[in-house]
Structures are given as C-alpha cells and as structure tokens.
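First to last, the protein sequences are chains A and B. Numbered according to the working numbering, the first sequence spans residues 1 to 203. Numbered according to the working numbering, the second sequence spans residues 1001 to 1203.
You may find that some hints are simply not true.
Computed list of lysine to aspartate or glutamate pairs in EDC-like fashion (alpha-carbon distance at most 20 Å, straight line) [unchecked claim]:
(1) A:Lys-65 <-> B:Glu-1041
(2) B:Lys-1065 <-> A:Glu-41
(3) A:Lys-20 <-> A:Asp-67
(4) A:Lys-138 <-> A:Glu-101
(5) B:Lys-1020 <-> B:Glu-1041
(6) A:Lys-65 <-> A:Glu-45
No lab work stands behind these hints: they were computed from the structure.
Protein chains: 2
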Amino acid sequence: MTTQQTEGVARPAGRPRSEKAEKAIIDAALDLLGEGIGVPELSIEAIAARAGVGKTTIYRRWSNKEDLVVDALASLKPPIPPLHGASVRDDLVTYLRVVGEESRHMRTRCIMNIAMSAWERHPRLAERFQAIAIEPRKAALRAVLQRGTENGELRSDLDIEMAMAILSGAMLWRTKWSGENAQLPGDLPEQIVDEALRGFRPR
Amino acid sequence: MTTQQTEGVARPAGRPRSEKAEKAIIDAALDLLGEGIGVPELSIEAIAARAGVGKTTIYRRWSNKEDLVVDALASLKPPIPPLHGASVRDDLVTYLRVVGEESRHMRTRCIMNIAMSAWERHPRLAERFQAIAIEPRKAALRAVLQRGTENGELRSDLDIEMAMAILSGAMLWRTKWSGENAQLPGDLPEQIVDEALRGFRPR
DNA sequence: ACATTATGAAACGATACTGTTGCGTATCGA
DNA sequence: TCGATACGCAACAGTATCGTTTCATAATGT
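Sequences are here, hints too, so could you generate the full structure?
Next up, the structure:
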C-alpha cells in the first residue's frame, strides 16, 4: 500500500492547499472588480490584502493575473428564474425583470462592463465569461421563444436570434444610456416585451 | 492703448500657448484610448511621449487626467449621415449601417467601451460623452421615427424612445456578444430594421 | 532691447506594485 | 516523530508613474 486513495488521483504529500484560501482569493477579486476596479489596475497585493492571504498563496496557484480573473468570473453563475409561466409574454417579462433587477447592483454593472470591454484585450476572458454567464441566459431565452414559435404564440418564421437581440438589446440600451441617475420606469420589462411582441406575433 | 485686441478678450503677455501642442496632446490621448488603454492606466507620461510634448505642457492645461480625457472625448463628433431618404426604412438601414461600419474600427469600439464603463467611476466623463456623441445620434434617429409617425409609415402611437432602444440595442447586442471574431452578416442592418418595423408599422 | 510667458527635456523624491525569497508556523501522510 | 508542503508575514530589488522643479530656448507684446 502506498497511499490511501479515496479518489483515483494520488494525493501529493504535505499540507494540502486550503480551499478556504482559494475561495477567499476569488471572492476578494470579485469584490474589487465589483467596486469598479478594472482588470489592469487590479493588483495582486490588493487581492491578497482583501482576502487576508499572503501574495505567495496567490502566485502559487495562478501565474497570470488574467488566469485568476478568468477563474473568478467563471465562478459566477447567473440567476435564471424558472420560465414555465402561463404565456410567452409572462416568461419574457419575468426574464427581463430579473435582468433589470440585477443591473441595479453596482457589482453586476461593473462586472458586465469588464466583460463587455474584455474582447479587445482579454479575449480568453471574454470568451469564458460568455460561455459561463451569457450562454445559459441566452439558452433560457431561446427556449421560451422556441416554445412560442411552436405553440403558435409567436410567428413560426420568427428569427429567434434576432428576437433575442431585440429584447436583450433594448434592455441593455436603456440601462446603459439612460443617464444612470434617471430612474428607469418600473414597468420597463413590460413595455419592451409588449412593443417587441407586436412584431413577433403571428399576422 | 494696452493691447491690440482683435478679440474681445485681453491677450495675456508672453508666448502664447501652442494650439498645435494642444491638438497633439488630445490626439495622443485618443490614440492611446483607441488602442485599448483604459482611463486608469492611461499615463500622462505616455501621452506626452506620444504627442512629442513635455509633461509640463500637459499639466499646465489640465490638472486632472479626467479633465483631459473629458476634453479628448468631447472632441469626437459622430458621423451622422443625411437621413432624408425615400422611406423610413431606408433611413433606418442607412443609420444602422453607419453604426455597424463604425463599430468595426478598434478605435471606436475601445472608446465606446470606455464611455459605457464610465458611469460607475467617471460620471462627468460619461455625461459629457453622452451629450456630445450619443445625443446627436439619438436626435437624428428620433427625427426619422418622428417623421414616420407623422406621415403614416409608422404607428401614430409608437413609443419613439422605445423604438430607438430596440433598434440601437439590437445592433449593440449583436456587435457586443457575437464573439467578436464571428463576422456579422453584411445585411444585419436590414434584418434588424425589417424585424423591428413589423411592430412599428400601422396595424 | 526687454519683460513675460510657453516649450521640451531632464531630473527629482514619493508612492505603488511587481515577482521572489526567507522565516517561523501549521497541517498533512508515513 | 519526521519529511513534505502550504500558510501568513515581511523584506527585497526592480520598474513605473506620479506631480514638481529646474533649465535653456522660443515666441510674443511694449
């Protein structure tokens, strides 16, 4: 017998790495990013300090700052509400309402900003974020629209990707370019969905 | 006689400030921002070097880096094509086509990223950019839609701000979350406009 | 000519972060 | 108990930028 192997992988000798430290590091990074610190100015020192951890502990796990940020963003899972409501309209409103609610948090806004700006200089990061955080949402939205085209609530020839762009894009546009101070109307999701559905419904 | 006053303002004694230097500084700043340098990491030294100018010359004119960036972004005027085409549809397609064409330039994308991220930490900058670069576009788009509601091409009860959000938002969404590598279809503007107009046209 | 202000270049001390190293301690398997 | 590895902490030299200052020179008005 060499080692008691509960798992298939040989456990290396010595003290194992602390999962708590790892989590603290990622949380600290997300905290800082969520406060508006950009990726380039995000310093390992600040992360270590915030996490109550030595820099060594960080460098031992990630060689790049970008790798760390990628792992941090990948740990984010978007909240997707159950979308099996009475109608496509209800589901779309529910979906946009959650998106709008989320975008009222500083943290979400900052991280979205980072992700949207990342394509130019951190494509790996953007790609990963897209896969982890955006795609699941798009899939949920796509399923709702797909269902609509199948049960007759929506036009059968509706371009679903286009419909998604219209719904999500309108929401994004309003939350981005409406002054940020200017309070968005509480029924914005309903307004968007109702306007969009005019074109989505069968003749 | 105190001074030859071609203008109403008294010209101060001594060597006048070089307009060429001022322009070079702003151009250098825009260049760097357009290459993906973010505001926080944009260094005065880099600007001075790029502009072929002493740091003194910069500090003499702007006390903040933010002030400089604000002036730099304010010097940008968006290209707005003449929108008096045969139909509302044509004008909308023309408009979105220009937007799409612009967004294929690294420089435009980077500066848009900065502007969109600026609300959180540089609200003055965002506000200024909105007034200088966004509002004129919105006004042009609004005029087209307004005309449509008046001449019967569009529903008379169309919510114009919402329609703008749908059109611009759909375009923004597609250019932002489509992988950046994935080439957007050449007729994307037509697709967006045609889908949107389904709901905008009178019953 | 002379006063005045701006210019580009260079150097300054101060601050912050980098990535690495050494230290003493803690936690694991054998 | 012992070897091995991770931990938090502190210090290191190296680099970059900050905002300021000094300098010789250039450009303007009187």
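Each hint, compared with the structure:
1. In summary, the hint linking Lys-65 of chain A to Glu-1041 of chain B is supported, as the alpha carbons are separated by about 16 Å, within the 20 Å threshold.
2. Of the pairs offered as hints, the one joining Lys-1065 of chain B and Glu-41 of chain A holds, with about 16 Å between alpha carbons and a cut-off of 20 Å not exceeded.
3. Taking the CA atoms of Lys-20 of chain A and Asp-67 of chain A, the gap is about 19 Å. The hint holds against a cut of 20 Å.
4. Between Lys-138 of chain A and Glu-101 of chain A, the direct Cα distance comes to roughly 17 Å. Compliance with the 20 Å bound is thereby established for this hinted pair.
5. Distance check on the hinted pair: Lys-1020 of chain B and Glu-1041 of chain B sit about 25 Å apart at the alpha-carbon level, beyond 20 Å; violated.
6. In summary, the hint linking Lys-65 of chain A to Glu-45 of chain A is supported, as the alpha carbons are separated by about 11 Å, within the 20 Å threshold.
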